[in-house]
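Quick mapping for you: the protein sequence lines, in order, are chains B and V. Residue numbering for the first sequence follows the working numbering, starting at 57 and increasing by one per position. Residue numbering for the second sequence follows the working numbering, starting at 210 and increasing by one per position.
Please note that a few of the clues may not be correct.
Stated by the list, open to error - Residues on chain V that point at chain B, a partial pick, calculated with CB under 7 Å: (1) N241; (2) L299; (3) R309.
To be verified - The following residues of chain B were derived to be distant from chain V, with all beta-carbon distances above 10 Å: (4) S82; (5) Y91; (6) G98; (7) T104; (8) K115; (9) S129; (10) T133; (11) V165.
Rather than coming from a laboratory, the hints here were simulated on the basis of the structure. Since we're looking at a predicted model, the values are computed, not measured. Backbone N, C-alpha and C define an ideal beta-carbon position, used for all residues, glycine too.
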Amino acid sequence: TQLLEQSPQFLSIQEGENLTVYCNSSSVFSSLQWYRQEPGEGPVLLVTVVTGGEVKKLKRLTFQFGDARKDSSLHITAAQPGDTGLYLCAGGTNSGYALNFGKGTSLLVTP
Amino acid sequence: SQTIHQWPATLVQPVGSPLSLECTVEGTSNPNLYWYRQAAGRGLQLLFYSVGIGQISSEVPQNLSASRPQDRQFILSSKKLLLSDSGFYLCAWQGASYRRDTFGSGTRLTVV
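Turn these sequences into a full structure, and let the hints guide you.
Next up, the structure:
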């Protein structure tokens with residue numbers, strides 16, 4: 057099982073601040089997904105990246121896949137209270153069916 | 210469009226009682242189906258996955274079992290629940306052409 061380490065585990069910031077969360081592994085993944093989960097609900101997919109060095113933007117969120125496809129980052133610009141939630145990264149390989157999930161970064165954005 | 214249904218949303222069961230959680234998918238055929246458990250709002254632990262009817266792979270040996278009686282139906286069961294089975298259970302499906310999981314809304318199970 058490939059391990060995905062997410063950092064930081066917890067992050068509390070004020071509205072308007074920028075932040076970056078990281079997802080690192082010693083293994084290579086064919087694809088990497090980022091999800092956001094709110095309490096009591098299932099995770100919702102934000103983005104899938106598949107190419108080393110790929111950068112995707114979703115409004116104020118910027119996702120990057122490392123050149124070696126072992127790591128990824130999520131940058132949020134001008135965070136808002138609605139960004140609060142658990143951010144999970146998950147990696148997929150060509151040899152298995154299931155995704156490997158990190159433990160998540162719990163983000164709290166206060167007004 | 211594809212949708213996934215999972216029920217019940219919450220469940221409180223006594224120790225030693227049986228369990229049956231159901232998940233159904235609409236709008237797709239032959240999906241890969243998954244059961245995950247999540248503890249305390251943290252990472253997801255894969256319990257079972259299925260690539261077809263009657264095909265079940267177990268990732269973690271435990272007090273639970275899974276079945277796939279129909280193409281778009283996935284069931285998580287237990288004959289006798291333990292306190293340690295408490296948690297947030299999530300069903301997910303994955304289309305054949307996409308490496309991503311789409312999740313149901315989850316079941317909060319509390320074993321008392």
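Hints versus structure:
1. N241: holds (5 Å)
2. L299: holds (5 Å)
3. R309: At about 5 Å, which falls below the 7 Å cut-off, the nearest Cβ of chain B leaves the hint on R309(V) intact, so it holds.
4. S82: holds (17 Å)
5. Y91: violated (8 Å)
6. G98: Nearest chain V Cβ is 3 Å from G98(B), so the label is violated.
7. T104: violated (5 Å)
8. K115: holds (19 Å)
9. S129: holds (18 Å)
10. T133: holds (24 Å)
11. V165: holds (16 Å)
The earlier numbered hints that this structure contradicts are 5, 6, 7.
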